[in-house]
Amino acid sequence: MSESKSLEDTLDWFNSRISSIVSKYRHAGMKQVRSVLDRIEELKTAAHRFDYSDLKDPDVYQNYATTIYNRTLEVFGDIETPENITYDILDTLNRDFKNRINSYTNLLAKYLSWLKRDRSYKNNVKNLDRALTRVKEDVYVLENKTLISYSEIVKYEKVSDDIESLIELVGRKKEIVTKINTHADDMAKITKVIDKKRKELDELTNHPGYLQLEKNKKELDHIEISISNKISEIKKLSSKVLKAAETKRIELSDYDKDTMKSLIKDPLTTLIKEGDGYRGIKSTLKLLKEVSDSPAVQMKKEKLNRAYENIEEIVNDGLAEHQQKAKFLIEQSDAINRKFSNLKMDIRIKKLNEEIGNYSIDRQRITLSLEREKEEIEEKVAILVKSVEKKIEEYVEKTVKLILE
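Positions 1 to 405 (this note's numbering) are the ones given, in order, by the sequence shown.
Check before you lean on any hint, since a few could be wrong.
Keeping only pairs whose Cα atoms sit at most 16 Å apart, straight-line, the calculated EDC-like set for lysine to aspartate or glutamate is [said to hold, decoys possible]:
id : residue 1 : residue 2
1  : Lys24     : Glu157
2  : Lys215    : Asp362
3  : Lys289    : Glu233
4  : Lys5      : Asp346
5  : Lys282    : Asp334
6  : Lys197    : Asp334
7  : Lys145    : Glu200
8  : Lys230    : Asp266
9  : Lys155    : Asp88
10 : Lys351    : Glu233
11 : Lys286    : Glu321
Just so you know, these hints were derived from the structure itself, not from any lab.
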């Protein structure tokens, strides 16, 4: 049975459930960090013996020694004991310790080589080397034992980190929504203008003339499909005859060649350009049927017969009604377009579309960055919620439904 919990309650509840599991690892981690810090304090104490800054006229060696002391405090003087321990904190401390040690080792290589020439510094150098060695040994333990052992509970800490991330993301989303709402009045004003422009645009585009143009276009498309169906096989036959004419195996006039090519390319336009009764097309189709008997024209008998049937139908005024209707529709559409041109309808529609587009962009820009951030947060939250709920069920055998509000 699942239980619904807020993010804050889930964080407290989950941390309490894993406390017994992670406590010994955190205790061991803190213990080792303190051990390293104790060794660093011993190093500082050893370095203090190199301080000759109170001398009025120190020699070169004493200046080198004081430099070692001062630089020891610079390198190791600002380390603080963490209040709590996590894997990330341990890992960060480990890398920090190693970087400081490397820097300090390079420093000593520069100055200790000089001090070792003076036997009076022998014990101090030995003590400093021994203290640094102990620091290195404890950092080695931190990296190669403590951290490796601590990795056993990283998966638990990851869940806690994810819940904390969810708390931050949900909080940020609320802030964004509040900011977006503060722009509501500005967006409402622009929306009002856009709605007004769209109403004007609808009035223009719903003009009876535009509706008639759209109707005419659909009817012309239907006519074009019908014509194409009627001359489908004729197109194939024309292509074969034209090919034979190119090789001089069939004689064709330029007019007949052009008509055949036009029928193949755009039969509707070809039909409309003809006079009533389309005598030119009929003549070309009759010739097409005659020359198709030539051996130069190779076409399957079944398709050839269908082409002949189509030719007979068209020659017997099978396209007359289509021709008359198409011519009427085009003439009517041209008349409407001329009228619209005089009224500058296209210009007005174009201007309204541009204004609507510009106002829409302006409205979007008001909260664009906020909306994008909100979307990104929502995507991250969805992924994290699914992951956290699944891992809680896996790690503590409890089904929890996260409440984000």
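(message) Taking the earlier hints as the rules, which of them does this structure contradict?
(response) 2, 4, 5, 6, 7, 10, 11
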